[in-house]
Amino acid sequence: MMNSKNILLKYKKTFIALLLIVLTFVVGELIMVGVKGADPGSFLSVNQVLITIKLATFISLFGLCEMIVISTGGDMDLSVGWIATLAAIFSTRIMDGKNQNLLIAILIAIGVGAAFGLLNGLLVSYAKLPSLVVTLAMGNIIQGLINAYTTGIHISGEPSPIVKKLAAKYTGIVPNIVTILLILCIIVIIIIYKTKIGVKLLSIGSNPNTAYLSGLNIKLIRMIAFIASGAIAGIIGILLVGNAGTAYKDMGSNYLMPGIVAVVVGGVSVKGGEGNYFAVILGAIVLQTLTNLFVSLGWGDAGKWTGYGLILILMLITYVRNKRSR
Amino acid sequence: MALLEAKGIKKSFGGVTALKNGNLTCNCGKITGLLGANGSGKSTISKIISGIYKKDEGTIIYDKKEINFSSPSESKQNGIAMVFQNLSLIPDLTVWQNIVLGNESKKKVFLDTENAMSVSKSILDELNPRININQKVRNLNSAQQQIVEIAKALVSNPRLLFLDEPTAALEREEVKNLFKYMRKLASKGVGMIFTSHRLDEVLEICDDIIVFRNGEDVGTIDFEKEGKDKKTILSLLTGSSDFNSTKKVYKDIKDVCILELHDLKHGKELNGIDLKLRKGEILGIGGLAGQGQTELMLALAGYYNDIKQKAILDGQEIKLNKVSTMIRNGIYLVPGDRQKEGLFMNCSLYQNMLYSKMGHKQPLFIPRKKYRDEARQIVKELSIKTDSIDTVVLTLSGGNQQKIVVGKWLPFDVKVLLLSDPAKGIDIAAKKELYDYIMKLVNEKSMSAILYASDNNELIDYCDRLLIMFEGKVVKELNKNEINDRNIVAASLHVKDEGGELG
Amino acid sequence: MKQKLYNKLKFFTSKQEFSTIIILLLMLVGMSLLQNGFFTRRVIVSNINAFLPLILLSMGQAIVIVSGGLDMSCGNAMALMLCAMTKIMKADSPYTGVIAILVCILLSLAVGLANGFLVGYLRLPAIIATYATSYIWLGLALFITPTPGGEIVNWFKIFYDFSAVKGCAQWIKTIGSVLAPSVIMILLACTIWFFIGKKKLGRYIYAVGSHDDNAYYSGISTTKVHIKAYVINSLFIMMAALYFAGQNGAGSANIGETLTLQTVAAAVVGGVALSGGKGNVFMAIVGAIIMSLVSKIIYYINVPSAWQSFVSGVIIIIAISASAIYSYAEKRNLLREVN
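Protein chains in written order, with my numbering: chain A, 43 to 368; chain B, 65 to 567; chain C, 12 to 350.
Think of the hints as simulated: they come from the structure by calculation, not from any bench.
Even glycine gets a Cβ: it sits at the ideal position worked out from N, Cα and C.
Misleading hints may appear alongside valid ones.
Said to hold, decoys possible - Which chain B residues stay away from chain A? Per the calculated CB distances, all over 10 Å, these:
1) Gln199
2) Glu288
3) Glu405
4) Asp477
5) Phe534
To be verified - One side of the interface only, derived from the structure: several residues of chain B facing chain C at Cβ under 8 Å:
6) Pro136
7) Ser152
8) Ile154
9) Pro155
10) Asp156
11) Leu157
12) Gln161
13) Leu165
14) Gly166
15) Phe174
16) Glu178
17) Asn221
18) Ile430
Said to hold, decoys possible - Covered stretches of chain A (in silico footprint by chain C; criterion: 3 or more residues with CB under 8 Å from a CB of chain C, positions within the stretch not fixed):
19) 55 to 67
20) 165 to 171
21) 213 to 225
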C-alpha cells in the first residue's frame with residue numbers, strides 16, 4: 043500500500059511548488075524588511091497571503107483551461123484570454139446590473155466560449171494544425187471582433203449583484219472567489235481522476251498510441267478538451283467582470299501567459315497525461331507571490347514579465363528537456 | 065589478405081545476450097555473405113564493427129590494426145561504410161545533395177555543386193541510370209531511395225562495406241546492376257559483407273558465407289572451394305533438430321472458421337494476405353523479420369484507418385479501419401512494442417489497467433474499488449512481481465511489463481487474441497511463464513489466437529498451424545506435424561529447389 | 012511542341028510559389044485601383060518603408076522555420092533592441108550612436124545565442140521556449156523603457172531617410188530617393204541569405220529542418236546549425252531595430268507584440284512549411300508584402316481599422332490550412348505514384 047515515502051515521491055513536484063511559495067514569501071519578507079526597511083509583516087502576513095491567493099485566483103482559473111488542453115498531449119490554448127474578454131462584454135450587457143438575466147448571461151458566455159473552443163478543436167485535432175499558431179490567430183480574430191464591437195461605444199452594463207458578491211467581496215477575511223476556487227479545485231480533481239471523462243483525457247495524453255489501441259477516439263476527445271477550455275474561459279469572463287465591476291478591452295489578455303506558466307511551475311507535465319489542478323493553483327500562487335515581490339521592489343510589469351519568462355524557461359529545462367538520446 | 069578479422073565478440077543488451085562468441089572474417093576484394101535467422105546475432109556484429117554499438121568483449125582487427133570505433137562517423141572516416149535499412153536520407157534534399165551529404169567539397173568559398181553532381185551521377189549511372197539526380201528524395205519510391213542510400217555509402221570510397229538487406233526493396237533489374245557494381249568494387253580490392261533474406265541472391269553474389277545461430281558463428285562455406293549446396297547451408301542454419309519438449313495440448317479444434325481475411329493490402333508491407341482462423345485454434349505467423357508480420361497484426365487490430373478490405377468475423381463482415389470496431393467485436397491486440405503501443409509507461413499498474421478499459425462503455429463515475437480489486441486479482445493470477453498496483457510500470461522488468469499488456473484484457477470477452485511477438489526481448493524464464501499463462505488463458509476461455517513470434521521456437525511450441533510470410537504475402541502453410549525448425553527456416557528463406565520447395 | 016509547352020506550364024503552376032505570386036500581383040493591381048499614384052516612386056518607397064520591419068523579421072523567421080524551429084520572440088526582441096538604443100543615445104552627443112549600435116549588436120547576439128541554445132542544445136520545444144523568451148525580452152524592454160520615450164542622434168536617421176540627416180551630401184540624397192535605406196536593407200538581407208545558401212550552412216539548415224535525426228546520422232552537428240539559424244535571424248531583427256530607431260526616434264516596449272505572429276503568417280504565405288526543410292526564404296518577402304497590403308486594402312476600402320486583428324487572424328488560419336492541405340496532397344500524390 044501507499045506509505046509516506048511513496049506519497050512524497052508521487053507528489054514531489056507539488057511539494058516543490060509549495061516549497062517555492064514559502065521560499066518566495068520568506069525571501070520577500072526578508073528583502074522588504076531587511077533591505078528596504080519596511081515594517082515587518084508588510085509582505086508576509088495572513089492578510090497578505092489571502093490577498094495573494096485572491097489575485098492568483100484568476101491565473102489559476104486560466105490555468106485550468108490550459109491544464110485541460112495540455113493534459114491531452116501538449117497542446118496549448120492561447121485564445122482563452124480573449125474568449126473571457128468577449129464573454130465579459132456580452133454578459134455584462136445582458137446582466138445589466140440585475141440578477142434576473144444571470145442565467146442567460148451564463149449560458150451565453152458558455153456558448154460563446156464553447157463555440158470558439160469547437161473551432162479551435164476542429165482545426166487542431168482534425169485538421170492537425172499546430173495549436174499555438176491556431177489559438178493565437180483565433181485570439182486575434184476575437185480581439186478584432188471585440189475591437190469592432192466596442193469602437194466608439196462605451197461598454198455598457200454591470201455585473202449582477204450575485205456575481206459581484208462572488209467575485210469581488212469577502213466573507214469574513216476570506217475572499218469569496220478563493221472559496222469558489224477551492225470548491226472548483228475539488229470538483230476538477232474529482233472529474234479528472236474519478237470520472238470516465240477525466241480518465242480518458244489523461245490516457246490520451248499519457249500515450250496516444252496505446253490509448254488508440256484501447257479503442258479511444260483520440261481526435262474527438264482532444265476536440266472536447268478545447269471545447270471545455272473555451273466554455274470555462276467564458277465563465278471566467280463573467281467572474282472577471284464581477285471582480286472589476288465593468289468590462290474593458292484587455293481584461294483577460296494579461297492572464298494568459300501566467301496561466302500557462304502556472305501549469306508548468308506546478309509540475310504538471312507539459313507533454314500531457316497529468317491533471318493535478320491543485321498543483322496548478324500552487325503554481326499560480328508562486329507566480330503571484332513573485333509579482334508581489336516585484337511590485338514591492340518597484341519593478342512593476344517589467345519585472346513580472348521577465349520573471350515569468352525566466353521561470354518558464356527554468357521549469358522547462360528542469361521538467362521537459364528531451365533526453366539527448368544520442 | 066584479411067581486411068577484417070573479428071574474434072570472440074560478446075555483446076549483451078540488458079540481460080539478454082545477443083552475441084556470445086562472434087567471429088567474422090572478410091578479405092579484400094571478397095564478398096562475404098552473412099546468414100542467420102532472427103536473433104542469431106548477425107546484425108549485432110555488423111553494427112558493432114561499424115561503430116553503432118560498443119562490444120563488451122573481443123577484438124576487431126581492421127587493416128592490420130586493432131580498432132574500437134565508437135560512432136558511425138568515426139568508422140566512416142576510416143573507410144568503413146554501411147548501408148542499412150533505416151535510411152538516413154533527407155527527404156527534402158535532392159538525390160545528389162543527399163549522396164554528398166556530410167562529404168561536401170568546396171570550390172573556393174562556396175560549395176562545389178558541379179563536382180558533387182558529377183560524382184553523384186557517375187555512381188548512380190552504374191546502379192540505376194534512370195534516377196534523376198535533381199529529384200527530391202521524398203518523391204522517389206523505396207527502391208530508388210535504397211539505391212541513393214547505397215550511393216551515399218559508396219561516395220566516401222570505403223574499403224569495407226556493409227550491406228544489410230540492400231535488395232529488400234529493389235527490383236530484379238536494379239539487383240543485377242547492384243551486383244555488377246559490387247563485383248567492380250571487389251576487383252578494386254573493396255571487401256563487402258552482404259545480407260539478404262533471398263538465399264538465391266546470396267548464392268549468386270557471394271564468394272563465401274558465414275552462418276550465425278544463437279549468438280555465434282557456426283560455420284563458413286567457401287563457395288569456390290566447397291561449392292554451393294543449399295542443404296548444407298540449411299543444416300548450418302537450423303543445427304541439429306532438437307525437437308522441443310513442451311507437451312502439446314491437443315485441443316478440440318472445431319472446423320468452424322471464426323475469422324477470415326481476403327486479399328488484405330496495405331501500403332507496401334501487405335501485398336494480399338489470405339487467412340482463415342478456426343475457432344479455438346492458435347494460428348502462427350512466421351517468417352524472417354520485416355516481412356509484414358507486425359503490420360498484419362496491427363491491421364487486424366484495426367490500427368490503420370485507410371484499409372479498404374473487410375474481415376469476416378463469425379460470418380459477419382466488419383470494417384478493419386477503426387480499433388474501436390475491433391475491440392467491440394472481441395478482437396484484442398497484445399503488441400510487441402510495449403513502450404509505444406502496449407503500455408502507459410509513466411503510469412502505475414492500476415492506471416494502465418484502468419486506461420485500457422476506457423474504450424469500453426463506462427459508468428460516469430469510475431468504480432474505483434471494483435477496478436482496483438480487479439487489478440490485484442490480475443496481478444495474482446499472472447504472478448506479476450510488484451509491491452503494489454501503484455508502482456509505475458516503467459520500473460518493472462520486461463517480463464512483468466508484458467504480463468500487464470496481456471493481463472489488461474482479462475476482464476473482457478476476448479474472441480480473438482492477437483499476439484504480436486509478445487515475448488520479444490524477455491528472458492527465457494519469464495518467456496515460459498508468459499506463454500504458459502497465455503496458453504492456459506486461451507484454452508480455458510476457448511479463445512482463438514493469432515501468434516506472431518520472431519523466435520521460431522515459440523512458434524514450434526505453441527501453434528496449431530503456421531503461416532510463413534515473405535515480402536507481404538503468405539508463402540507457405542505448415543500443419544501441426546510439419547512445424548519444425550527446418551521447415552520454418554526453409555519456408556522463411558523462400559528457397560525453391562528445382563520443382564518444389566525445400567523442406 | 013505543344014506538349015512541351017504544356018508540360019512547362021504545368022511545372023510552373025504546380026509550384027506553391029506560383030499561386031503566392033499570383034496573389035501578390037492581384038493585390039498590387041487591386042491597390043493601384045484603390046490608391047491614386049500607387050505606382051509612383053514616392054508611394055512605392057513609402058510603402059517599402061512601412062513594410063520593412065515585417066519583411067526583415069519574416070525573412071529571419073523563415074530561416075528559423077526552415078531549420079526546423081520557430082521564433083515566437085522576434086517582435087519583442089526587436090523592441091528590446093530598439094529601447095536599448097534609444098535609451099543610450101543622447102541627441103546632442105553623436106558618438107552615443109556608435110555605442111548604441113555596438114549594444115544592439117551585442118543584444119542581437121545574446122538573443123540569437125539564447126534562443127539557439129535552448130532549442131538547439133537543450134532541445135526544448137521551440138514554440139514554448141521562444142514563447143518564454145519573448146516575455147523575457149518584453150520585460151527587459153519594459154525595464155529600460157517603461158513608457159515610450161528615448162531619443163536618437165541625428166545621424167541615426169541614416170537608417171530611415173538619407174535626406175533627414177543633417178549635412179548629408181546632395182548626391183547621396185538623390186540616390187536615396189530611389190535606393191532608400193529600407194531598400195538597401197532588403198538588398199543586404201537578400202545578399203546575406205544568398206551567400207549563405209551557397210555554402211554548407213545553407214544546405215545543412217534545410218537538411219536539419221527536413222529530418223533532424225538523419226542529418227545527425229549523416230554527421231552534421233544539428234546543434235550548431237540550429238544556433239546559427241537563430242543568430243542569423245537575430246541579425247535581421249537587428250536591422251529592423253536600426254530602421255525603427257531611425258524612423259521613430261523613440262522606443263516603445265510593446266511595439267513588437269503584434270508583429271511576431273504576422274512573421275509566421277508571412278513565412279507560411281510565402282510557402283515555407285512549418286514542419287521545416289522546405290520553402291524559399293526569399294518568398295517570405297512576398298508573404299510579408301501580401302500581409303502588409305491586406306492591411307492597406309482594408310484601410311482603403313473603408314473597413315474600420317478595428318477589424319485589422321480579425322482579418323489578420325483569419326488570413327493566418329487560411330494560410331496554415333492551405334499549407335497543410337498542400338503538404339497532404341503532396342504526400343498522397345507520392346503514394347499514388349508508387350502503387
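Quick rundown of the hints versus the structure:
With a least beta-carbon separation of about 27 Å from chain A, B/Gln199 lies farther than 10 Å from that chain, consistent with its non-interface assignment. The Cβ of B/Glu288 lies farther than 10 Å from every Cβ of chain A, with a closest approach of about 42 Å, so its non-interface assignment holds. Listed as outside the interface, B/Glu405 is inconsistent with that label: its C-beta sits roughly 5 Å from the nearest C-beta of chain A, within the 10 Å cut-off. Taking the minimum C-beta to C-beta distance to chain A, about 14 Å, the non-interface status of B/Asp477 holds against the 10 Å cut.
The claim that B/Phe534 lies off the interface holds: its Cβ sits roughly 27 Å from the closest Cβ of chain A, which is beyond the 10 Å cut-off. Taking 8 Å as the C-beta contact cut-off toward chain C, the hint placing B/Pro136 at the interface holds, the least distance being around 7 Å. Look at B/Ser152: its Cβ gets to within about 4 Å of chain C, closer than 8 Å, so that hint holds up. A least Cβ separation of about 5 Å between B/Ile154 and chain C falls short of the 8 Å threshold, and the interface hint therefore holds.
Taking 8 Å as the C-beta cut-off, the interface hint given for B/Pro155 holds, the closest approach to chain C being about 5 Å. Given the 8 Å rule on beta carbons, the hint for B/Asp156 holds: about 4 Å separates it from the nearest Cβ of chain C. Because the beta carbon of B/Leu157 sits about 6 Å from the nearest beta carbon in chain C, less than 8 Å, this interface hint is met. With a cut of 8 Å, the hint placing B/Gln161 at the interface with chain C holds, because the nearest CB-to-CB distance is about 6 Å.
With 8 Å as the threshold, the beta carbon of B/Leu165 comes within range of chain C, its nearest partner Cβ sitting at about 5 Å, so the hint holds. The criterion of a C-beta within 8 Å of any C-beta in chain C is met by B/Gly166, whose closest approach is roughly 4 Å, and the hint holds. For B/Phe174, the interface hint holds, the least distance from its beta-carbon to any beta-carbon of chain C being 4 Å, beneath 8 Å. Against a cut-off of 8 Å between C-beta atoms, the interface hint on B/Glu178 is violated, since the closest Cβ of chain C lies about 13 Å away.
Nearest Cβ of chain C to the Cβ of B/Asn221: about 16 Å, over the 8 Å cut. The hint is violated. Taken as an interface hint, B/Ile430 does not check out: its beta carbon lies about 32 Å from the nearest beta carbon of chain C, beyond 8 Å. Judged by the Cβ-Cβ criterion of 8 Å, the region 55 to 67 of chain A is not covered by chain C as claimed, because only 0 of its residues qualify and three are needed. Only residues whose beta carbon comes within less than 8 Å of a beta carbon in chain C count, and the region 165 to 171 of chain A has 4; three or more means the coverage holds.
With 0 residues carrying a beta carbon less than 8 Å from a beta carbon of chain C, the region 213 to 225 of chain A misses the three-residue requirement, and the given coverage is violated.
Hints 3, 16, 17, 18, 19, 21, counting from the list given before, are not met by this structure.
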